[in-house]
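Chemist: One line per chain: the protein sequences are B and W, in this order. Under our numbering, think of the first position of the first sequence as 1, with each following residue one higher. Under our numbering, think of the first position of the second sequence as 1001, with each following residue one higher.
These are calculated hints, taken from the structure and not from any lab test. Beta carbons: idealized from backbone N, C-alpha and C, even for Gly. Wrong hints could be hidden among the right ones.
Unchecked claim - Some chain W residues close to chain B (C-beta under 10 Å, calculated; not the full set):
1. P1018
2. S1086
3. F1090
To be verified - Computed footprint of chain B on chain W, listed as stretches where at least three residues anywhere in the stretch have a Cβ under 8 Å from a Cβ of chain B:
4. 1031-1042
5. 1045-1059
6. 1104-1113
Chain residues, written in single-letter form:
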Amino acid sequence: KAGVTQTPRYLIKTRGQQVTLSCSPISGHRSVSWYQQTPGQGLQFLFEYFSETQRNKGNFPGRFSGRQFSNSRSEMNVSTLELGDSALYLCASSDLTGPNTEAFFGQGTRLTVV
Amino acid sequence: AQSVAQPEDQVNVAEGNPLTVKCTYSVSGNPYLFWYVQYPNRGLQFLLKYITGDNLVKGSYGFEAEFNKSQTSFHLKKPSALVSDSALYFCAVRKGGSYIPTFGRGTSLIVHP
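Bound-form chain B, shown alone (with noise of 0.2 Å):
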């Protein structure tokens, strides 16, 4: 199978600009979560998408939001970029039928705001 698939993974913006970051899931996987990396805050959750549904959010502003497709593909959004926002942006995707299921990680999109 093949694995989680983030694009792009390296990414330039400027202030004010907005981002879409997609991943693609491993195949059969319906759940796909997003991460916020940074040396200062280590990983911190966004939100989790199951079915198309938001099912999980963490604690971060309305500027950023995602959407998950019928084929499992995400996409999160970056509104009104902030230098803060520069980070690694990890997905996650698992199949979640059971308690002890696992997620399996992409390679992350670095985000440099400038």
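Use these hints to put chain W onto chain B, whose structure you have.
Modeler: Okay, now just chain W, sitting in the frame of chain B:
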């Protein structure tokens, strides 16, 4: 609520020596525990998990972890460290019924030649 603590930001060990990366957790009910490794500019890779059963769990790349319920710990271990083991290690906990794991802040493992 669920939480994870990795008390060491960095662990240094000489190649060939045993290594331990510490993790303690707090969760109501039975925990599901995971270890992940992250190499520079890469995503997290799954190493091993504890669900139930034997307290000693064996995983990828020769790593193992010991679940200790009384001490609420899940320390990652390896008998003989390699320079290539140098990376960032994350412990995570999830309780039954929760779909979202909580991650620790990560421990940087540095293995010296």
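Chemist: With reference to the structure, classify each hint as holding or not holding.
Modeler: Status of the hints after comparison with the structure:
1. Annotation: W/P1018 was flagged as interfacial toward chain B, and the flag is violated, the nearest CB pair being 25 Å apart, outside 10 Å.
2. The beta carbon of W/S1086 comes no nearer than 17 Å to any beta carbon in chain B, farther than 10 Å, and the hint placing it at the interface is violated.
3. This hint holds: W/F1090 has a C-beta 7 Å from the nearest C-beta of chain B, less than the 10 Å allowed.
4. Given a C-beta distance limit of less than 8 Å, the hint that chain B covers the segment 1031-1042 of chain W holds, as 5 residues qualify and 3 suffice.
5. Counting residues of the segment 1045-1059 of chain W whose beta carbon lies closer than 8 Å to any beta carbon of chain B gives 4, which reaches the threshold of three, so the coverage claim holds.
6. Requiring three or more residues with a Cβ within less than 8 Å of a Cβ of chain B, the coverage given for the segment 1104-1113 of chain W holds, as 3 such residues are present.
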